[in-house]
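Engineer: If you want the building blocks of each chain, they are given just below.
Number of protein chains: 2
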Amino acid sequence: MIVGLVGATGLVGQTILKVLEERRFPLAGLKLWASSRSAGRRIRFKGKNYPVASVERADFSGCGIVFFAGTEGEKGASRRYAQKAIAAGAVVIDNGADFRMHPGVPLIVPEANPGDVKKHRGLIANPNCSTIQMVVALVSIHKKYKIKRIVVSTYQAVSGAGRAGVDALQKEMQIANCKIKNSVFPRKIAYNVIPQISDFSELGYSGEEWKMVRETQKILHDKNIAVNATTVRVPVMTGHSESVYFETGKNCSLKQIEALLSKAPGVVYDGKEFFTPAELKDSDMTYVSRLRPDPVKKNAFVMWVVADNLRKGAATNAVQIAELLLNRQIAKSAKKNLI
Amino acid sequence: MIVGLVGATGLVGQTILKVLEERRFPLAGLKLWASSRSAGRRIRFKGKNYPVASVERADFSGCGIVFFAGTEGEKGASRRYAQKAIAAGAVVIDNGADFRMHPGVPLIVPEANPGDVKKHRGLIANPNCSTIQMVVALVSIHKKYKIKRIVVSTYQAVSGAGRAGVDALQKEMQIANCKIKNSVFPRKIAYNVIPQISDFSELGYSGEEWKMVRETQKILHDKNIAVNATTVRVPVMTGHSESVYFETGKNCSLKQIEALLSKAPGVVYDGKEFFTPAELKDSDMTYVSRLRPDPVKKNAFVMWVVADNLRKGAATNAVQIAELLLNRQIAKSAKKNLI
Chain A
407 MIVGLVGATG
417 LVGQTILKVL
427 EERRFPLAGL
437 KLWASSRSAG
447 RRIRFKGKNY
457 PVASVERADF
467 SGCGIVFFAG
477 TEGEKGASRR
487 YAQKAIAAGA
497 VVIDNGADFR
507 MHPGVPLIVP
517 EANPGDVKKH
527 RGLIANPNCS
537 TIQMVVALVS
547 IHKKYKIKRI
557 VVSTYQAVSG
567 AGRAGVDALQ
577 KEMQIANCKI
587 KNSVFPRKIA
597 YNVIPQISDF
607 SELGYSGEEW
617 KMVRETQKIL
627 HDKNIAVNAT
637 TVRVPVMTGH
647 SESVYFETGK
657 NCSLKQIEAL
667 LSKAPGVVYD
677 GKEFFTPAEL
687 KDSDMTYVSR
697 LRPDPVKKNA
707 FVMWVVADNL
717 RKGAATNAVQ
727 IAELLLNRQI
737 AKSAKKNLI
Chain B
407 MIVGLVGATG
417 LVGQTILKVL
427 EERRFPLAGL
437 KLWASSRSAG
447 RRIRFKGKNY
457 PVASVERADF
467 SGCGIVFFAG
477 TEGEKGASRR
487 YAQKAIAAGA
497 VVIDNGADFR
507 MHPGVPLIVP
517 EANPGDVKKH
527 RGLIANPNCS
537 TIQMVVALVS
547 IHKKYKIKRI
557 VVSTYQAVSG
567 AGRAGVDALQ
577 KEMQIANCKI
587 KNSVFPRKIA
597 YNVIPQISDF
607 SELGYSGEEW
617 KMVRETQKIL
627 HDKNIAVNAT
637 TVRVPVMTGH
647 SESVYFETGK
657 NCSLKQIEAL
667 LSKAPGVVYD
677 GKEFFTPAEL
687 KDSDMTYVSR
697 LRPDPVKKNA
707 FVMWVVADNL
717 RKGAATNAVQ
727 IAELLLNRQI
737 AKSAKKNLI
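Residue numbers (this note's numbering), protein chains in the order written: chain A, 407 to 745; chain B, 407 to 745.
Since the hints were made in silico from the structure, they are not lab data.
Among these hints, one or two may not hold up.
Short derived list, chain A residues pointing at chain B, Cβ under 7 Å [claimed, not checked]: (1) 470; (2) 634; (3) 684.
DSS-like, lysine-lysine: derived pairs with alpha carbons at most 30 Å apart [unchecked claim]: (4) A:629 <-> B:656; (5) B:661 <-> A:703; (6) B:552 <-> A:704; (7) A:703 <-> A:678; (8) A:703 <-> B:577; (9) A:454 <-> B:550; (10) B:577 <-> A:678; (11) A:554 <-> B:577.
Note that this is a predicted model, so its numbers are computed, not measured.
Where is the CB? At the ideal position from N, CA and C, for every residue including glycine.
For reference, chain A alone in the conformation it holds in the complex (with noise of 0.2 Å):
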């Protein structure tokens, strides 16, 4: 099969490339493309260069997979170019938020809703950064305990914004009171925390806050989990942290959610000693640590959350999309026209 990958030159175009490549991706061919900006570059991949073509003259023919690997950064690739890759008959997977509610769109986290997949009519969505890494910890949980009500706190990296917030904070931390013009972050985030994720919208919540909310209950098919989020950028460089409080509608003990988590897919569960975002080692796993029960009300607990928000939070997350369905053999845009 021919993959194809759009946003080869951004961070999560290049964790794509290294993701295929540890994981042995069966690929027959790659085709990359990027902005006009950025064509015209070569990338190598498996001891071979390839050519990266402007996304603006993509000829997607002969594609089985395409990824868009939008960040927050760079948006709307997928907007202006998903259909024409799915009528050369290919099938999209698309990073970026612009169809992830779509009703004709799979969000697809595969430790939560593999069986999803099957559902696409072209195009399968990777859910938002810190939904995944969430969505990971606590499926296993939801299916047993039901969870009925989350109450979260994000310690956000900055490559999430792409390179240029990878850059924005290098630059700060180089120059003492300097003020970035442009930056991708509202304020300073050298020494900083700040509690804005993309804009403020309904109620008063970011869009990012909202993502939190909406993608688990579409991952989770439940309408009714509770969700509600504060999302906050944080001066690391890669690897977002969360505290996850939640409450689950069955009776269940701390000993029974531990059990849970020890065996939990892409889970690593440490009930002694807890994981820091600078301590990711290009891990696909997601870590949770701190698990405690609330000190007062019955079912309730909170958890220490991190993960590599370019890896499992997009390109792993991405990639493993694809492998589900490579297995599946559904690696086909069926139909077409329908997001």
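Starting from the known structure of chain A, arrange chain B on it as the hints suggest.
Structural biologist: This is chain B only, laid out in the frame that chain A set:
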């Protein structure tokens, strides 16, 4: 009145001197002490140099008020020397944690429970930094609508661990991948977040998290307030931030909460813009923004609370307690040997 200060060379001690000067605290004399390591230095206050003596041989006689400026990193001074200061006739205002939960010790946030100073028996405790700013933000809401439940996640600056905390972050920032020996932090803090502040204890909550539970209940005189806390160190020099979710026992609307916050003592409330810790400029106020109602639950809200941990979280609150004593003319240790 002669004022004494133990821990004069530390970050909190230095900030107490700054705040005393700014607020024109009426003092007739100043006596400074520190550990023997720092003794012998001179500190400038209102244009005059004052010697710093070793606390081991401190003579507290003549002092009306003695501040103990211990931070997390410099514990135990009040346990060893407070009784001596009280016996000499002083009222001790202790920034450390040693006596906060003692039944005979008032724990004061002047905006919340100023009347409790009357109950002192020689020692008054300053609450934990993260507790103070949360209580300042919540007390007016609690008085009117009775807060019954809080879920809080913190983003705490390194200066909360004293000068050693600031030094650790600065050093780690200068040298890539350096591992600091005997750091005050359990992991690297540069480009990282650490979900542990003080030792883990009951149910897996850290000491800092239990402080937020128990001190809040004590200050607000309500054992039934349920607090679930996750306290996290972030690479910010000064300024703690908190994501505070709360539920009230009585019916109230967003507008009613906003009205209370807009006139709450010690609070700066902004309904449109948000605050970040790096923007605090030597302010004694507690900054509340991003107040929003829970998307589904009635009488539930979440907000973002920022304050200077060295000032309102420590020095300013301590000086305000001293002002309360002066105003009520109770700055006199009537009883002895009671703590």
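Engineer: Hints first: check each against the structure and report whether it holds.
Structural biologist: Hint-by-hint comparison with the structure:
1. 470: 39 Å, violated
2. 634: 5 Å, holds
3. 684: Holds, because the Cβ-Cβ distance from residue 684 of chain A to chain B comes to roughly 4 Å (cut-off 7 Å).
4. A:629 <-> B:656: Holds - the C-alpha atoms of residue 656 of chain B and residue 629 of chain A are around 27 Å apart, at most 30 Å.
5. B:661 <-> A:703: 29 Å, holds
6. B:552 <-> A:704: 21 Å, holds
7. A:703 <-> A:678: 22 Å, holds
8. A:703 <-> B:577: At roughly 42 Å apart (the allowed maximum being 30 Å), residue 577 of chain B and residue 703 of chain A break the hint.
9. A:454 <-> B:550: It is violated: about 69 Å lies between the C-alpha atoms, which goes past 30 Å.
10. B:577 <-> A:678: Measuring from Cα to Cα gives roughly 29 Å; hence the hint holds.
11. A:554 <-> B:577: 44 Å, violated
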